[in-house]
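A.B. asks: Generate the whole structure from the sequences, applying the supplied hints.
Order-wise, the sequence lines are chains U and D.
Residue 207 in our numbering is what sits at position 207 of the first sequence, and the numbering runs on without skipping anything.
Residue 8 in our numbering is what sits at position 8 of the second sequence, and the numbering runs on without skipping anything.
Hints are not guaranteed to be accurate.
Dumping the calculated BS3-like pairs for lysine-lysine here, alpha-carbon to alpha-carbon at most 25 Å [as the list claims (entries may be wrong)]: (1) LYS130/U to LYS71/U; (2) LYS18/D to LYS125/U; (3) LYS132/U to LYS18/D; (4) LYS71/U to LYS125/U; (5) LYS132/U to LYS71/U; (6) LYS71/U to LYS18/D.
Keep in mind the hints are simulated off the structure, nothing from the lab.
Since this is a predicted model, take the numbers as computed values, not measurements.
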Amino acid sequence: MADSTLVGLQHGEEHHPELLHHFAEPQQQRDAASLGMWVFLATEVMFFGGLFCAYLVYRRWYFGDFGAASKSIDATLGATNTAVLICSSLTVVLAVWAAQTARRMLLVVMLGITMILGLAFLGIKAIEYKDKFEEHHVPGASFSFENVPIPGHPGQFANPRHAQIFFSLYFVMTGLHALHMIIGLGIFSWLFTMAWKGRFTPEWHTPVEIGGLYWHFVDIVWIYLFPLLYLIDRHP
Amino acid sequence: MYFGIWAALLVGTFVTYKAAFIELGPFNAAVALGIATIKATLVALFFMHVWHASEKLTKLVVIAAVFFLLLLLGLTMSDYATRPWS
Numbered sequence: 001m002a003d004s005t006l007v008g009l010q011h012g013e014e015h016h017p018e019l020l021h022h023f024a025e026p027q028q029q030r031d032a033a034s035l036g037m038w039v040f041l042a043t044e045v046m047f048f049g050g051l052f053c054a055y056l057v058y059r060r061w062y063f064g065d066f067g068a069a070s071k072s073i074d075a076t077l078g079a080t081n082t083a084v085l086i087c088s089s090l091t092v093v094l095a096v097w098a099a100q101t102a103r104r105m106l107l108v109v110m111l112g113i114t115m116i117l118g119l120a121f122l123g124i125k126a127i128e129y130k131d132k133f134e135e136h137h138v139p140g141a142s143f144s145f146e147n148v149p150i151p152g153h154p155g156q157f158a159n160p161r162h163a164q165i166f167f168s169l170y171f172v173m174t175g176l177h178a179l180h181m182i183i184g185l186g187i188f189s190w191l192f193t194m195a196w197k198g199r200f201t202p203e204w205h206t207p208v209e210i211g212g213l214y215w216h217f218v219d220i221v222w223i224y225l226f227p228l229l230y231l232i233d234r235h236p
Numbered sequence: 001m002y003f004g005i006w007a008a009l010l011v012g013t014f015v016t017y018k019a020a021f022i023e024l025g026p027f028n029a030a031v032a033l034g035i036a037t038i039k040a041t042l043v044a045l046f047f048m049h050v051w052h053a054s055e056k057l058t059k060l061v062v063i064a065a066v067f068f069l070l071l072l073l074g075l076t077m078s079d080y081a082t083r084p085w086s
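C.D. replies: Structure, rendered in structure tokens:
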């Protein structure tokens with residue numbers, strides 16, 4: 001049995017049911033899962049990064065048009081949504097802490113509040129999209145952005161074609177972000193069910209941790225989207 | 001500690017929102033992005049536990065992600081921002 005010192009636990013020995021056999025100990029399994037999530041998030045950084053890059057190039061070219069288009073979005077709704085997401089990030093870390101310290105009810109409540117805040121975010125986003133539809137600011141055949149003054153340049157009006165590029169980026173970036181929110185809500189409903197059944201223990205709550213990492217990442221994306229899309233050239 | 005970070009993030013959001021309505025010239029964008037970066041760093045370090053990560057590889061992945069993002073943005077803008085006709 002020279003191998004037993006290397007492997008740690010032999011097949012059939014007592015160990016946590018969630019500990020897979022190719023890991024020596026729970027800590028190693030947790031670190032591997034967390035690292036895997038971080039590598040996935042690194043690919044997500046590049047995914048969103050391409051859009052941020054396109055945004056930067058066009059914002060430099062069409063700064064005045066982007067400023068005019070940005071001004072037509074309700075910045076108060078955007079700021080409210082930022083606050084909503086920050087609060088949901090707090091409830092997520094509290095949920096992770098509750099899982100670590102075996103507080104099942106607190107975990108269930110925190111996951112529930114997180115989902116309610118996520119839904120509130122999407123609801124506010126829906127109001128914003130509805131405004132844009134009604135104002136004909138959705139890129140396409142019925143797009144209209146005529147005679148909108150450029151901030152800081154009296155007598156000059158935004159070029160509708162350039163404004164349309166802003167709104168394309170606005171809908172793709174916030175839409176992709178909203179899609180991530182919807183996927184996050186799916187993940188959290190599963191976490192909520194598992195937590196309700198009492199599956200998470202201080203020894204094993206990896207899904208809560210890496211689900212939380214995902215949620216925080218989506219929050220970070222929004223932290224950048226908010227000033228870049230809503231607050232380009234607001235001052236009078 | 002989590003509540004302190006949360007409060008800092010909310011204050012940051014409020015300051016970003018208010019600062020956008022003040023004329024600062026080119027510094028409007030710098031202030032907005034500076035605060036956003038501070039907020040993102042707080043979330044990553046404390047909410048995502050990078051600060052206390054037991055695994056050094058996690059920190060390596062985070063640094064690599066930021067590095068390649070800056071490479072993408074930096075090299076692209078060093079081209080577009082320096083073209084005489086743009």
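A.B. asks: Does each hint hold? Answer for all of them.
C.D. replies: Evaluated hints:
1. LYS130/U to LYS71/U: 16 Å, holds
2. LYS18/D to LYS125/U: Roughly 21 Å separates the two Cα atoms, so the pair holds.
3. LYS132/U to LYS18/D: 23 Å, holds
4. LYS71/U to LYS125/U: OK: LYS71/U and LYS125/U at ~16 Å, within 25 Å.
5. LYS132/U to LYS71/U: 12 Å, holds
6. LYS71/U to LYS18/D: 14 Å, holds
Every hint, counting from the list given before, is met by this structure.
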